[in-house]
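Novice: Protein chains in written order, with this note's numbering: chain C, 1 to 385; chain R, 386 to 531.
If you are wondering where the hints come from, they were derived from the structure by calculation, not from laboratory data. Incorrect hints may appear among the rest.
Between beta-carbon pairs, the in silico distance windows are [to be verified]:
#: 1; chain 1: R; residue 1: ALA448; chain 2: C; residue 2: GLU67; range: 56 to 66 Å
#: 2; chain 1: C; residue 1: GLY271; chain 2: R; residue 2: PRO524; range: 52 to 62 Å
#: 3; chain 1: R; residue 1: ALA438; chain 2: C; residue 2: GLU120; range: 14 to 24 Å
#: 4; chain 1: R; residue 1: GLU514; chain 2: C; residue 2: ALA35; range: 50 to 60 Å
#: 5; chain 1: C; residue 1: GLU221; chain 2: R; residue 2: GLU493; range: 37 to 47 Å
#: 6; chain 1: C; residue 1: HIS154; chain 2: R; residue 2: ALA523; range: 42 to 52 Å
#: 7; chain 1: R; residue 1: GLU514; chain 2: C; residue 2: GLU120; range: 15 to 25 Å
#: 8; chain 1: R; residue 1: GLY411; chain 2: C; residue 2: GLU115; range: 42 to 52 Å
#: 9; chain 1: R; residue 1: GLY422; chain 2: C; residue 2: ARG249; range: 12 to 22 Å
#: 10; chain 1: C; residue 1: ALA2; chain 2: R; residue 2: GLU514; range: 24 to 34 Å
A virtual CB, placed ideally from N, CA and C, is assigned to each residue, including glycine.
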Amino acid sequence: MARVGIIGCGQTAFGRRSDATVQELAFEAWRAALADAGVEPDVVEATVVGSVPEYHKQRSLPGVIQEYLNLNPRPVWLTEAACASGSAALRTAWLEIAAGVHDVVAVIGCQKMTELETAEILALMGRVGDVQWESGFGTTFPGYYAMFARRHMHEFGTTSDQLAAVAVKNHHYGAANPKAMFRKEITVAKARASEEVSAPLSVYDCCANADGAACVILAGERAARAMGKDRVVWLDGMGCASDSMSVLRRTDLTGLPSARAAAAQAYAMAGVTAKDIQVADVHDCFTIAEIMAYEDLGFCGRGEGGPFIDARGSYIGGAHPVNLDGGLKAKGHPIGATGVSMTCEIVSQLRGECGPRQVPGASVGLTHNVGGIGQYCFVNVLRRD
Amino acid sequence: MFAWFGLVSFCPHTKVAGFAQHLKDGRLMGSRCDACGRVSFPPRADCPDCRGAEFTFTEYGGAGTVVTYTRIAAAPAGFEGRTPFTIGVVDLDEGGRLLAWCGETLPEAGLQIGQRVQVVPRLFEDCEEIKVHYTLEAPGTTWAKV
Ligand SMILES: [Zn+2]
């Protein structure tokens with residue numbers, strides 16, 4: 001199978017963007033990725049768009065994006081895997097190149113979430129679970145993760161202070177990221193004092209809806225060398241797995257089996273183990289989700305996610321620095337853009353471009369992007385030679 | 386008829402629509418595959434094991450154990466006036482799992498993982514249309530007593 005690498009990446013700042021359409025956001029990321037790659041649009045043979053359609057008034061978004069990017073008649077389509085739609089697009093583009101169909105493909109993750117009225121958001125919120133057996137009881141997205149948190153606390157003694165410590169870390173790094181939505185440090189006390197959303201989770205345990213777009217340009221090894229690209233970050237381990245939509249079919253309520261399966265695939269393909277991961281971006285849609293990610297990815301043992309954050313294992317200088325871009329928590333979570341933005345962050349880390357947030361000398365990094373409550377999980381290992 | 390199930394319904398049509406009629410009559414039903422005998426809760430028409438298409442409803446006693454729970458303060462559309470409410474996930478003694486609200490006999494303050502509960506069919510009596518669900522109650526609670 002041909003080795004595939006990232007030759008360029010770019011993203012918008014995340015936050016409320018009342019000045020732009022979703023295709024205008026996509027163009028900002030596209031423009032930045034082309035400039036970063038140092039290529040012109042004519043080398044890009046196809047586009048894959050990752051986004052969640054329910055948030056946009058425009059139906060069939062890839063059509064309007066490809067038109068606005070001036071890329072017709074080149075192929076484009078949408079990938080949807082809830083909050084992991086961006087990683088689904090990345091995987092699709094990787095497959096197109098690995099299969100030998102294309103040499104250079106652009107991946108665009110984008111989402112405009114703040115266009116919806118509050119009533120529309122509340123209605124969408126009510127359909128995140130299995131609508132046949134669960135939504136009729138008023139389940140919510142925070143509600144599901146709250147039930148994971150409650151079970152994690154019960155089995156392992158994880159505390160609300162440990163959950164808050166995740167938010168404190170992510171705000172700490174987010175404060176140094178010019179692309180982040182929230183650029184302010186917080187304290188455990190402030191996080192603990194925030195309003196309850198779904199017990200035991202409160203406002204500071206939850207990421208925020210946002211607008212934003214991110215773009216990466218992928219090339220096969222031969223094409224990248226032919227174009228003279230010498231700072232390529234390689235997609236060396238690509239893992240992907242699924243799990244039940246319904247919480248009623250989950251055998252494990254303290255972790256995500258799909259994340260463990262995807263991680264095992266990615267580690268095996270890249271020929272690494274968890275120990276080798278020097279920097280990671282993980283899916284902290286809720287603080288408990290980051291704690292579970294430490295465990296599912298093997299950064300610590302099962303049930304040890306709380307002590308891992310207490311020991312600052314996920315800070316720079318710790319065993320596995322995590323979410324140095326602020327994570328979903330502080331950077332914001334425009335759901336379709338998130339997986340591509342995570343990829344941008346790890347590319348920047350492996351190129352040594354992150355300034356005060358940089359892990360010195362990192363050459364192996366990881367992204368972990370979860371859709372829904374683990375219905376989909378994509379784990380990728382990235383490497384700089 | 387399945388539109389009866391849940392305070393808000395997104396799913397009026399299903400092959401197991403009879404579940405809601407049974408619930409209205411005070412019975413909690415799982416399904417049994419006519420071909421291989423697999424029992425499922427929630428009930429399902431199409432057997433995941435043998436791919437059989439025929440099933441029969443089978444009555445559940447409804448005793449179970451709480452595996453996790455949460456109190457929801459920020460509620461979705463249709464539930465605004467009912468916050469906060471507590472939902473729990475229960476492993477049923479007879480197999481399978483369900484998610485439901487905690488009823489009056491099971492105050493959230495004393496709720497614990499591992500606690501024994503009884504699932505009890507309920508009508509939303511403040512709704513004009515027929516709306517059925519089930520609640521988690523203290524062991525020994527029966528339909529007639531709620
Ligand atoms: Zn069967």
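Novice: Each hint should be assessed against the structure and marked as holding or not.
Specialist: Status of the hints after comparison with the structure:
Checked against the given bound of 56 to 66 Å, the beta carbons of ALA448/R and GLU67/C, roughly 59 Å apart, stay inside it. Distance hint check for GLY271/C and PRO524/R: the Cβ-Cβ separation is about 54 Å, which falls inside the suggested range of 52 to 62 Å. Between ALA438/R and GLU120/C the Cβ separation comes to about 38 Å, which falls outside the hinted range of 14 to 24 Å. About 58 Å separates the C-beta atoms of GLU514/R and ALA35/C, a value consistent with the hinted range of 50 to 60 Å.
Look at GLU221/C against GLU493/R: about 57 Å separates their beta carbons, and that is not inside 37 to 47 Å. A hinted range of 42 to 52 Å for the beta carbons of HIS154/C and ALA523/R is inconsistent with their spacing of about 20 Å. Hint check: GLU514/R to GLU120/C, Cβ distance near 24 Å, so the stated range 15 to 25 Å holds. Taking the beta carbon of each, GLY411/R and GLU115/C are about 46 Å apart, inside 42 to 52 Å as hinted.
Against the hinted window of 12 to 22 Å, the Cβ-Cβ separation of GLY422/R and ARG249/C comes to about 20 Å, which satisfies the hint. Here the CB-CB span from ALA2/C to GLU514/R is close to 59 Å, at odds with the stated 24 to 34 Å.
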